[in-house]
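Student: Sequence:
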Amino acid sequence: TYKMIKPDDLLRSNKGIIIVGSSGSGKSTLLHYLTSKILQENERFPIYFELKSIHIYDFQNVKNFEEVIFTEGVITPLRLKGKERENLIEILNYKLQTGNITFLLDGLDEISETTISDIPILDMFDEFMRYSINRNNRVIITTRPYAWKSRRARYPVKEIEILPFSMKQIKRFVDYYYPGNPDSHKF
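First residue of the sequence shown: 85, per the numbering used here; consecutive thereafter.
Quick caveat, the hints were computed from the structure, so don't treat them as lab data.
Idealized CB from N, CA, C, for every residue including glycine.
The reader is advised that the hints may include incorrect statements.
[As the list claims (entries may be wrong)] The calculated lysine-lysine pairs, modelled on DSS-like cross-linking and capped at a C-alpha distance of 25 Å, are:
no. : residue 1 : residue 2
1   : K87       : K136
2   : K242      : K179
3   : K255      : K99
4   : K121      : K136
5   : K255      : K90
6   : K136      : K147
7   : K252      : K136
8   : K165      : K179
9   : K165      : K147
10  : K179      : K147
11  : K99       : K87
[To be verified] Taking CB as the label site, the calculated pair distances span:
no. : residue 1 : residue 2 : range
12  : E168      : S250      : 16 to 26 Å
13  : S137      : K165      : 14 to 24 Å
14  : K147      : V258      : 45 to 55 Å
15  : D207      : S268      : 15 to 25 Å
Sequences and hints are given; from them, build the entire structure.
Tutor: Next comes the structure, spelled out in structure tokens:
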């Protein structure tokens, strides 16, 4: 049975959440929305990270998965070096240990053992999930259904499926975002 929930309800859970949906269903857009909402609420530190951006060299000198997320998802984009870099890593580790981070990870299906050579990336990810959830950090992950089936039993998470829009929802969406557009009736 399906129960409809509002996106904001996903931010009320302290456990992990897996958002499953087909390509183009709005998973990434939902994560962007949730990231914005977390910033507005200012309760936790949000880290949005596209898992497809992971490369083998990201794992060559790290101890764990969260170090890759901190480095590639926060520090590198900010171009921090030296003392600023060290200070931010210290702050992020403190927030991680005290359960004050919401990880928004886009595209679990983009990671595979075969693309990461001999580094046990999925094992590192599993350990990251267990550690983060046990510390009461929120972890919200998107994936396509085929990638989730083989990993389903590994994490204590709530599974959410994004269903396709109904015709009524499509009409409401088009009317809201494209009011007065003469071509809107074609949808």
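Student: Looking only at beta-carbon atoms, does the pair K147, V258 fall within the given range of 45 to 55 Å?
Tutor: holds (49 Å)
Student: Take the C-alpha atoms of K99 and K87, compute the straight-line distance between them, and say whether it is at most 25 Å.
Tutor: With a Cα-Cα distance of about 18 Å, the restraint between K99 and K87 holds, given a limit of 25 Å.
Student: Hint check: K136 vs K147, CA-CA at most 25 Å. Holds or violated?
Tutor: holds (20 Å)
Student: Given the range 16 to 26 Å, decide if the beta-carbon distance of E168 to S250 lies inside it.
Tutor: Since the Cβ atoms of E168 and S250 sit about 49 Å apart, the hinted range of 16 to 26 Å is violated.
Student: For the pair supplied as a hint, K165 and K147, confirm whether the alpha-carbon distance does not exceed 25 Å.
Tutor: holds (19 Å)
Student: Is K252 close enough to K136, meaning Cα to Cα at most 25 Å?
Tutor: Answer violated: K252 to K136 is near 33 Å, above 25 Å.
Student: Can the restraint linking K255 and K99 be considered satisfied, given a maximum Cα separation of 25 Å?
Tutor: violated (34 Å)
Student: Going straight from one Cα to the other, do K121 and K136 come out at no more than 25 Å?
Tutor: holds (23 Å)
Student: Under the criterion that the straight-line Cα-Cα distance not exceed 25 Å, is the pair K242, K179 satisfied?
Tutor: holds (23 Å)
Student: Does the Cβ distance between S137 and K165 fall inside 14 to 24 Å?
Tutor: Given range 14 to 24 Å: holds, Cβ gap about 20 Å.
Student: Are the Cα atoms of K179 and K147 separated by 25 Å or less?
Tutor: Distance of about 18 Å is within 25 Å: holds.
Student: For the pair D207 and S268, does the Cβ-Cβ distance stay inside 15 to 25 Å?
Tutor: Taking Cβ atoms as reference, D207 and S268 lie about 49 Å apart, which means the hint is violated.
Figure legend: structure checked against the earlier numbered hints; hints not met, in rising order: 1, 3, 7, 12, 15.
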